[in-house]
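**Student:** Note that the protein sequences, when read in sequence, are chains G and Y. Going by the working numbering, the first residue of the first sequence is number 8, and it counts up by one from there. Going by the working numbering, the first residue of the second sequence is number 29, and it counts up by one from there.
In case anyone wonders, no lab produced these hints; they're calculated from the structure. We put the beta carbon where it would ideally sit given N, CA and C, even for glycine. It cannot be assumed that every hint is accurate.
Heads up, incomplete: computed chain Y residues facing chain G, CB under 7 Å, no partners named [claimed, not checked]:
id: 1; residue: 54
id: 2; residue: 62
id: 3; residue: 64
id: 4; residue: 78
id: 5; residue: 84
id: 6; residue: 87
id: 7; residue: 93
id: 8; residue: 96
id: 9; residue: 108
id: 10; residue: 142
id: 11; residue: 162
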Amino acid sequence: MKADVERAGAAREPRRILIVGMHTSVHVARWLKMVERPDTTLLLFPVYTQDARLPSGFTYLSLADVGRDLAPGIWVVRSTDIDDPQDARADLLHGYRRWRHSFLQGMTIAAPSRLAACIERFAPHLVHSMEVQLAGYLCLETARRMRGGFPPWVLSNWGSDVALFRKLDEHAARIRRVCRRIDYYLAECARDHRVAREYGYRGPVLPVIPASGGADIAALAGRVRIRPSARRTILVKGYHSWSGRALLALSAIALAHKCLGGYRIVVPLSAPVVASWIEKMRTELDLDIEQLPYVADHGEAIDRLAEARAVVGVGISDGISTTLLESMAVGTFPIQSSTACADEWIEHGRSGFVVSPDNTADVADAIYRAVSDDALVDGAAAINLRTVTARWSSATNGGRVWEIYERVVREHAPTS
Amino acid sequence: MAGLRPMRPAPRLLADVRETETLRGFHALAALSLIAGRLKPVRLYRLGGEEANEAIACQAFCFDTGLTLRRYRPLIARIQPFDLYLAAADVLPWDAASVAARRASRRTVAALMFGLREFQPFFAGVVVPGHDTSEIAARVADELALAGGSKDA
């Protein structure tokens, strides 16, 4: 499909696409690599200030150097150029308050007037904001100030952006305004389409595509060394903060600990409070459990996952977790809370378990089933590999995204 | 007037939603979610919930369950004690707010995750193993004499 789209694109006008998003995000980087074309200029406008080393093939430039004639490639506006002291005054005049996550205190959030300047200089065929609370809100305010001058707008919904944040007093009205204003809504869960409609989205229903875009499934599957039923490790996701509930997952491990003899429990990405629990559980329950340090190398992280028989992810909200998709590619049996849209990817009881994040006994029962049923985990691995090959391949999804981008350009082409 | 029974006042539950180094407010909220349907006649108050992650958890809980979590103020208990105080924690908490909450409530359900073997309850109430949220939920329902069995449909 990718080759078809590339051939079709040979005769078209070179495309200028402005991505608004986190320049530090691996999802954004993967997406940009997925849609990179020889005749396309991809420009990333960061949503916050942070020094970051860019991936190979990405180049920083100043806002002053942005123009319509920017050469094809992947460019990133220097994050020092996304705000100026005088922008705070403009925000005040417009009655706009830049929103930030609690964990982003200390960072400067991009100013709408800088994004407007970037759009005026670059004149993109479309703007694609990746994530809602930073990129989406920024585009919403920029669009309001630019009125008719704002380009066609595609919004990607990441994870909990809509599913959780619409429940919060501070966000419900803003999310409603975003849904009413966007031209195209790109969801990673079918469930979010329904929410977007309810909140006022009137555009077309586009194919569901994970926020990470896609992956080289064959390369991931190629890292498998042990068949699932022979593995003796359980991996528990260690996030415990605004959405992650690692301690509820560990409570399930505690409830199931009598059936975990011979198993090693590993917990990557664990917060200090989670690390403290790991120590207590090792002492009190005589469990072989340890936290794993962060690894920057993606291949190493995949190898860890491919050594696990099952992965347990519990949280009050998520989209389609990338760890879940990666686990499906490497034969690791997924146990995921029902607050993600895992049910759109796995069949409960056959290719994984979708569990209540509130009921630790149910999660414990799922863990027991995963360690005691060899046929279940081996059978699930084959099913899940087929699923991600069909729906999470970067080669396939890159073509799908280009079909969407071309549709946007076509539907917003000036009439002669 | 014959046949009319005096109305039973709504039971009052104080839930400790603080999620700290040792307090497990997210476990408490998870347990309450499991019996949300049966908590409709109960007036719920929250101890904590101001910290950013706790606030998100409380607002999501209220959105999902349709229940209201009222903010706890010590004066509320002086006028009328709570029927039940629910606290989940690694070990029994002794901070001033926890002690005051136990004193402000007729009964306490303390859901404790660690060190239970050495623990002897001294307050009016029960200590339950904290890892099992469905067990915590069942104890809360029993203490409040909620109708409908131990679990929500």
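**Student:** Indicate, hint by hint, whether the structure satisfies it.
**Tutor:** Evaluated hints:
The restraint placing residue 54 (chain Y) at the interface with chain G holds, with a minimum CB-CB distance near 6 Å, inside the 7 Å limit. Taken as an interface hint, residue 62 (chain Y) checks out: its beta carbon lies about 5 Å from the nearest beta carbon of chain G, inside 7 Å. Given hint, residue 64 (chain Y) at the interface with chain G, is violated; its Cβ is 9 Å from that chain's nearest Cβ, farther than 7 Å. Violation of the interface hint for residue 78 (chain Y) is found here, the shortest Cβ-Cβ separation to chain G being roughly 12 Å, above the 7 Å cut-off.
Because the smallest distance between the Cβ of residue 84 (chain Y) and any Cβ of chain G comes to about 5 Å, under 7 Å, the interface hint for this residue holds. With a cut of 7 Å, the hint placing residue 87 (chain Y) at the interface with chain G holds, because the nearest CB-to-CB distance is about 5 Å. At about 10 Å, the closest approach between the beta carbon of residue 93 (chain Y) and any beta carbon in chain G exceeds 7 Å, and the interface hint on this residue is violated. Given the 7 Å rule on beta carbons, the hint for residue 96 (chain Y) is violated: about 13 Å separates it from the nearest Cβ of chain G.
Interface restraint check: residue 108 (chain Y) against chain G, minimum CB-CB distance 28 Å, threshold 7 Å, status violated. Taken as an interface hint, residue 142 (chain Y) checks out: its beta carbon lies about 5 Å from the nearest beta carbon of chain G, inside 7 Å. Look at residue 162 (chain Y): its Cβ gets to within about 5 Å of chain G, closer than 7 Å, so that hint holds up.
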